[in-house]
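2 protein chains.
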Amino acid sequence: MPEYKAPLRDMRFLVDEVFDFHAGYAAMGAVDASPDMVNAILEEGSKFCEQVIAPLNRSGDEEECQFDNGVVTTPKGFKEAFQQFADGGWMSLSVDPTYGGQGLPHSLGLLFSEMIGSSNYAWGMYPGLTQGAMAAIYAHGTEEQKQAYLTRMTAASWTGTMCLTEAHCGTDLGLIKTRAVPQADGSYALTGSKIFISSGEHDMSNNIVHLVLAKLPDAPAGTKGISLFIVPKFLPGADGEAGERNAVSCGSIEHKMGIKGSATCVINFDNAKGFLIGELNKGLNCMFTMMNHARLGTGMQGLCLGETSYQGALKYATERLQMRSLTGAKAPDKSADPIIVHPDVRRMLLTMKAFNEGNRALSYFCAQLLDQLHADTAEQRQEAEDLLAFLTPICKAFMTETGLEVTNHGMQVFGGHGFIREWGMEQLVRDCRIALLYEGTNGIQALDLLGRKVLGSQGKLLRGFTKLVHKFCEANAAHPQLQAQFAQLATLNKEWGDLTTKVGMAAMKNPDEVGAAATDYLMFSGYVVLAYFWLRMAVVAQEKIEAGSGDAAFYQAKLATADFYFKRLLPRTMVHRAGVEAGSESLMQLSAEQFAG
Amino acid sequence: MPEYKAPLRDMRFLVDEVFDFHAGYAAMGAVDASPDMVNAILEEGSKFCEQVIAPLNRSGDEEECQFDNGVVTTPKGFKEAFQQFADGGWMSLSVDPTYGGQGLPHSLGLLFSEMIGSSNYAWGMYPGLTQGAMAAIYAHGTEEQKQAYLTRMTAASWTGTMCLTEAHCGTDLGLIKTRAVPQADGSYALTGSKIFISSGEHDMSNNIVHLVLAKLPDAPAGTKGISLFIVPKFLPGADGEAGERNAVSCGSIEHKMGIKGSATCVINFDNAKGFLIGELNKGLNCMFTMMNHARLGTGMQGLCLGETSYQGALKYATERLQMRSLTGAKAPDKSADPIIVHPDVRRMLLTMKAFNEGNRALSYFCAQLLDQLHADTAEQRQEAEDLLAFLTPICKAFMTETGLEVTNHGMQVFGGHGFIREWGMEQLVRDCRIALLYEGTNGIQALDLLGRKVLGSQGKLLRGFTKLVHKFCEANAAHPQLQAQFAQLATLNKEWGDLTTKVGMAAMKNPDEVGAAATDYLMFSGYVVLAYFWLRMAVVAQEKIEAGSGDAAFYQAKLATADFYFKRLLPRTMVHRAGVEAGSESLMQLSAEQFAG
Numbered sequence: 021m022p023e024y025k026a027p028l029r030d031m032r033f034l035v036d037e038v039f040d041f042h043a044g045y046a047a048m049g050a051v052d053a054s055p056d057m058v059n060a061i062l063e064e065g066s067k068f069c070e071q072v073i074a075p076l077n078r079s080g081d082e083e084e085c086q087f088d089n090g091v092v093t094t095p096k097g098f099k100e101a102f103q104q105f106a107d108g109g110w111m112s113l114s115v116d117p118t119y120g121g122q123g124l125p126h127s128l129g130l131l132f133s134e135m136i137g138s139s140n141y142a143w144g145m146y147p148g149l150t151q152g153a154m155a156a157i158y159a160h161g162t163e164e165q166k167q168a169y170l171t172r173m174t175a176a177s178w179t180g181t182m183c184l185t186e187a188h189c190g191t192d193l194g195l196i197k198t199r200a201v202p203q204a205d206g207s208y209a210l211t212g213s214k215i216f217i218s219s220g221e222h223d224m225s226n227n228i229v230h231l232v233l234a235k236l237p238d239a240p241a242g243t244k245g246i247s248l249f250i251v252p253k254f255l256p257g258a259d260g261e262a263g264e265r266n267a268v269s270c271g272s273i274e275h276k277m278g279i280k281g282s283a284t285c286v287i288n289f290d291n292a293k294g295f296l297i298g299e300l301n302k303g304l305n306c307m308f309t310m311m312n313h314a315r316l317g318t319g320m321q322g323l324c325l326g327e328t329s330y331q332g333a334l335k336y337a338t339e340r341l342q343m344r345s346l347t348g349a350k351a352p353d354k355s356a357d358p359i360i361v362h363p364d365v366r367r368m369l370l371t372m373k374a375f376n377e378g379n380r381a382l383s384y385f386c387a388q389l390l391d392q393l394h395a396d397t398a399e400q401r402q403e404a405e406d407l408l409a410f411l412t413p414i415c416k417a418f419m420t421e422t423g424l425e426v427t428n429h430g431m432q433v434f435g436g437h438g439f440i441r442e443w444g445m446e447q448l449v450r451d452c453r454i455a456l457l458y459e460g461t462n463g464i465q466a467l468d469l470l471g472r473k474v475l476g477s478q479g480k481l482l483r484g485f486t487k488l489v490h491k492f493c494e495a496n497a498a499h500p501q502l503q504a505q506f507a508q509l510a511t512l513n514k515e516w517g518d519l520t521t522k523v524g525m526a527a528m529k530n531p532d533e534v535g536a537a538a539t540d541y542l543m544f545s546g547y548v549v550l551a552y553f554w555l556r557m558a559v560v561a562q563e564k565i566e567a568g569s570g571d572a573a574f575y576q577a578k579l580a581t582a583d584f585y586f587k588r589l590l591p592r593t594m595v596h597r598a599g600v601e602a603g604s605e606s607l608m609q610l611s612a613e614q615f616a617g
Numbered sequence: 021m022p023e024y025k026a027p028l029r030d031m032r033f034l035v036d037e038v039f040d041f042h043a044g045y046a047a048m049g050a051v052d053a054s055p056d057m058v059n060a061i062l063e064e065g066s067k068f069c070e071q072v073i074a075p076l077n078r079s080g081d082e083e084e085c086q087f088d089n090g091v092v093t094t095p096k097g098f099k100e101a102f103q104q105f106a107d108g109g110w111m112s113l114s115v116d117p118t119y120g121g122q123g124l125p126h127s128l129g130l131l132f133s134e135m136i137g138s139s140n141y142a143w144g145m146y147p148g149l150t151q152g153a154m155a156a157i158y159a160h161g162t163e164e165q166k167q168a169y170l171t172r173m174t175a176a177s178w179t180g181t182m183c184l185t186e187a188h189c190g191t192d193l194g195l196i197k198t199r200a201v202p203q204a205d206g207s208y209a210l211t212g213s214k215i216f217i218s219s220g221e222h223d224m225s226n227n228i229v230h231l232v233l234a235k236l237p238d239a240p241a242g243t244k245g246i247s248l249f250i251v252p253k254f255l256p257g258a259d260g261e262a263g264e265r266n267a268v269s270c271g272s273i274e275h276k277m278g279i280k281g282s283a284t285c286v287i288n289f290d291n292a293k294g295f296l297i298g299e300l301n302k303g304l305n306c307m308f309t310m311m312n313h314a315r316l317g318t319g320m321q322g323l324c325l326g327e328t329s330y331q332g333a334l335k336y337a338t339e340r341l342q343m344r345s346l347t348g349a350k351a352p353d354k355s356a357d358p359i360i361v362h363p364d365v366r367r368m369l370l371t372m373k374a375f376n377e378g379n380r381a382l383s384y385f386c387a388q389l390l391d392q393l394h395a396d397t398a399e400q401r402q403e404a405e406d407l408l409a410f411l412t413p414i415c416k417a418f419m420t421e422t423g424l425e426v427t428n429h430g431m432q433v434f435g436g437h438g439f440i441r442e443w444g445m446e447q448l449v450r451d452c453r454i455a456l457l458y459e460g461t462n463g464i465q466a467l468d469l470l471g472r473k474v475l476g477s478q479g480k481l482l483r484g485f486t487k488l489v490h491k492f493c494e495a496n497a498a499h500p501q502l503q504a505q506f507a508q509l510a511t512l513n514k515e516w517g518d519l520t521t522k523v524g525m526a527a528m529k530n531p532d533e534v535g536a537a538a539t540d541y542l543m544f545s546g547y548v549v550l551a552y553f554w555l556r557m558a559v560v561a562q563e564k565i566e567a568g569s570g571d572a573a574f575y576q577a578k579l580a581t582a583d584f585y586f587k588r589l590l591p592r593t594m595v596h597r598a599g600v601e602a603g604s605e606s607l608m609q610l611s612a613e614q615f616a617g
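Top to bottom, those sequences are chains W and H.
First residue of the first sequence? That's 21 in my numbering, and the numbers climb one at a time after it.
First residue of the second sequence? That's 21 in my numbering, and the numbers climb one at a time after it.
Hint data in this document are derived by calculation from the structure and do not stem from the laboratory.
Note that beta-carbon positions come from the ideal geometry of N, C-alpha and C, so glycine has one too.
Incorrect hints may appear among the rest.
Derived DSS-like pairs (lysine-lysine); straight-line CA-CA distance at most 25 angstroms [what the hints assert, rightly or not]:
| hint | chain 1 | residue 1 | chain 2 | residue 2 |
| --- | --- | --- | --- | --- |
| 1 | W | K244 | H | K354 |
| 2 | H | K587 | W | K354 |
| 3 | H | K197 | H | K244 |
| 4 | H | K350 | W | K587 |
| 5 | H | K514 | H | K564 |
| 6 | W | K529 | H | K350 |
| 7 | H | K587 | W | K529 |
| 8 | W | K522 | H | K564 |
| 9 | H | K491 | H | K587 |
| 10 | W | K354 | W | K335 |
| 11 | H | K354 | H | K335 |
| 12 | H | K491 | W | K587 |
| 13 | W | K293 | W | K244 |
| 14 | W | K354 | H | K67 |
| 15 | W | K529 | W | K487 |
| 16 | W | K491 | W | K564 |
| 17 | H | K529 | W | K587 |
| 18 | H | K197 | W | K350 |
| 19 | H | K491 | W | K197 |
| 20 | H | K587 | H | K514 |
| 21 | H | K587 | H | K564 |
Looking from chain W toward chain H, a few residues come up when the C-beta cut is under 10 angstroms (computed) [unchecked claim]:
| hint | residue |
| --- | --- |
| 22 | L304 |
| 23 | N305 |
| 24 | K335 |
| 25 | L341 |
| 26 | V361 |
| 27 | R366 |
| 28 | V534 |
| 29 | R592 |
| 30 | L610 |
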């Protein structure tokens, strides 16, 4: 298993030097988020991740969760680690102090979650899902609900889930069959079966708070008739603690390709007592509140696992001796050269590095926007909301596609050893693979981006971002070292708009043009977005080198990686542009029978 | 698990209509390989694959091979299936009748192996490795060795292995440490430990014939001191059957990401009795005899698993109801439309179909070349050898890269269900992943193609293929329906040569340019090669339609898929060209320390 070390230097580069989180924190009046405090949290957090949960990653994959007659047992050590997590107050980091939280900025929580995900993604699902449920309760719950549930979840004494999918519907939630019947006491009786419920049943907490999408018997058809309910595994007793068992049970757990330490459950509701949260028939809207956050988190799964894979591959590449460099022996005293001398191995490592660091920059930019959602002025809040709405599907899909590529490169660097489970490299591929599927498949993200966000706003949300890029390019058009890259980015930024107009026009005649273009459009967008962030990093690196502020090797590496990104990865935009321009015709010619050949 | 049906229609399209195997068979004087006989073998072979080994694929993955104190137990049913395989005479298909074979053309054996690989790749490793060992014995063994070993392997009573890799070397075989000490009786005593030995130990045959690379104590350093030895698990007794146990033992088996039903063994030789095969110190050459065949087979792994994945994904896409078509309901009587109506799902299916059918054409073209290796004239044999030398690394790497992409698309079509093991779609990804690593990593294939084959022959081997493409384009430059595609291919064919010249020039100044360009050069080549085969298929399809020879839907689908390939996949050449042209500089800037950030 690669030994994960939190990339604190790179994290601080973004937090301190590129985005200046501290200025934002100061402006928010987040007095506790001083630079020292932030550093202390990252340091302490990294220790928890490296020392407590990372060592459980391989064993968790081998043991998997076990199911026996409704009871789910998590892999050895998971429960104890969660207790340490609770004791350390880690769940409360970004929670409102009213409900027992520390009130630190959301961005800080996201940084911590990156380290958790890199160390042990499966374990991280339990607190992760809990945070999602907490966000929904915080946004839509009554004060009473918040006191009853949120406080206990903040203490990590109770955990949470999101129950959306049923066997016959995932994407198409309008089809759900779970029914909620109003009861005399104001509660609801829920009946139905949900699948793919992460953390749906386990042995790590005293209670599990399910947030369940269901329909009232007389609800409008489709998505407009969906309501959201709190259905706890144990109903809160008179003392507020977990009391009587509710009619909620785990029917089975799934056997999966990866994230095997995460319990993926069938959860059955059999006249279970539930409580409406938010407005009747507005359940999907409530879910969408947290969807952006969850999708950003899922996008980061690509970064998290990509980072660990990179660390493993780099170590192996410097230690494994095989063949000589084509330009002559580099380690003549050894039997062969370390494989990092070979250009093709470097190509893989640099691809990994360029995606990881670029994806990290994109993630942290979004993390800052999460903070800005709580800014003082409506204008600032709206700007953050628009940028997040636009960037979220890109984060989710682009970062997971590239994350999967990165983890596959990491395996490849190991040669045949990459296929052997003990090395841990193949687990990262398997753990990453789900990220392209859940929280809305990447195809759905692409439709969300192109159809709903970009064309649905008549291009406004796109322009909100391209404007940033345009200004940045304009300001640096004469940059002494990076002029060529800025010109390249400016050209792509313009093409992005032109391509959008072209698809928009075509879609007015034929709606299938949106579906035909969506995935390539999203990937095109992702490459341009990352080019923007690579130049933001490069500009800072160049400044630091010129200022002679030390750490020159680090900044030189940033510049070299930016150079690699522009030369070897950004050209992929050409293919995605061709994909967008290819139109729907070549896709729609065949009948279903003809596909069978 | 997707229910595999051998794609006999598509196989016959290539065999009968595109490549006309029968003409070749007739010319070879392979009298038994009449069209009827070929059809009968494909029909019977497909039944064995579909009914006997396909049903063991999922269970084999779940059970894995078990190791207990040197004994390896294969998954339930594997042994019995192998007995049926032996009883059916399937191992003897393409073997020389002198050693008990049926003497059918090699190409026919390859077609059968496609069906085996699609049905149960892990099971297919046992006969597959045996065939590799048989090829080496046939090519380099003495008559006595052939009688002793080959006849029993032909009967599938004994199986074989290839023992190359050691813990510290895979690519760099010059470093091997296994020693062979000459004995008074003319045999050798072998001592050493080999890893990653597929089928190294198991319960399916009476004996296991290891072909082992080792060095004599006084052997020259590096690869020039490697010899090849036959080391049977049981030494042949006076009756020729398996007799006394040799000092060969299985130390452990690997826990792997996929092909879990295939036993991957550590094999220890402890003064084991071995017999030289071929010349002393020419062991690597002997191994390379069968390497081309093995690499072609590994390339086909991408096709095999891609085909099964496609069949599964297509079935799911026609049955799964989710959302409505953007152009209006297509199944208004159902709760939602089958997902095959969505352009983005079709994009995935067509990508799978285009790669599978293109890769199949490439494979069968090579299969024909395998036959041509035994042609009457030296000129024909040389032509086949040159084309195979050139196409083999492309088959191995391009078909496995695209096969992995295909199996990943297949999973993606299933949404979240794709991640669940019961569906069998994720197993295909895992089983495919090894193909990019073993038999020489794809990076090594790329170096072999660009460095050894293309530049090493001063471009001769490349021109051998581009000449075919050129003539074909010239002959069809005015093709009424396919003119545009022919122009596109002709342009790329020319670019291929220009790109090669450019890299060759750069490499003369700096050998790292080869390594920097190799992978992108191979992928560029692969896309052009497949474009050539897609047009060969399209031309035939167009002729058949015009001749009104029936089955128009099949031929229309070929044309539509060719159209898709040219519009949406072939543009990827742009990126790979950019990768080749990017040069080595952006790869070589960073020190090993700087990679760590």
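These are the hints, each one checked on the structure:
no.: 1; hint: W:K244 / H:K354; in the structure: holds, 19 angstroms
no.: 2; hint: H:K587 / W:K354; in the structure: violated, 50 angstroms
no.: 3; hint: H:K197 / H:K244; in the structure: holds, 14 angstroms
no.: 4; hint: H:K350 / W:K587; in the structure: violated, 45 angstroms
no.: 5; hint: H:K514 / H:K564; in the structure: violated, 30 angstroms
no.: 6; hint: W:K529 / H:K350; in the structure: holds, 18 angstroms
no.: 7; hint: H:K587 / W:K529; in the structure: holds, 21 angstroms
no.: 8; hint: W:K522 / H:K564; in the structure: violated, 37 angstroms
no.: 9; hint: H:K491 / H:K587; in the structure: holds, 23 angstroms
no.: 10; hint: W:K354 / W:K335; in the structure: holds, 17 angstroms
no.: 11; hint: H:K354 / H:K335; in the structure: holds, 17 angstroms
no.: 12; hint: H:K491 / W:K587; in the structure: violated, 35 angstroms
no.: 13; hint: W:K293 / W:K244; in the structure: holds, 23 angstroms
no.: 14; hint: W:K354 / H:K67; in the structure: violated, 54 angstroms
no.: 15; hint: W:K529 / W:K487; in the structure: violated, 28 angstroms
no.: 16; hint: W:K491 / W:K564; in the structure: holds, 22 angstroms
no.: 17; hint: H:K529 / W:K587; in the structure: holds, 21 angstroms
no.: 18; hint: H:K197 / W:K350; in the structure: holds, 23 angstroms
no.: 19; hint: H:K491 / W:K197; in the structure: violated, 62 angstroms
no.: 20; hint: H:K587 / H:K514; in the structure: holds, 19 angstroms
no.: 21; hint: H:K587 / H:K564; in the structure: holds, 23 angstroms
no.: 22; hint: L304; in the structure: violated, 14 angstroms
no.: 23; hint: N305; in the structure: violated, 19 angstroms
no.: 24; hint: K335; in the structure: holds, 9 angstroms
no.: 25; hint: L341; in the structure: holds, 7 angstroms
no.: 26; hint: V361; in the structure: holds, 9 angstroms
no.: 27; hint: R366; in the structure: holds, 4 angstroms
no.: 28; hint: V534; in the structure: holds, 6 angstroms
no.: 29; hint: R592; in the structure: holds, 5 angstroms
no.: 30; hint: L610; in the structure: holds, 5 angstroms
Checked against the numbered hints listed earlier, the structure breaks hints 2, 4, 5, 8, 12, 14, 15, 19, 22, 23; every other hint is satisfied.
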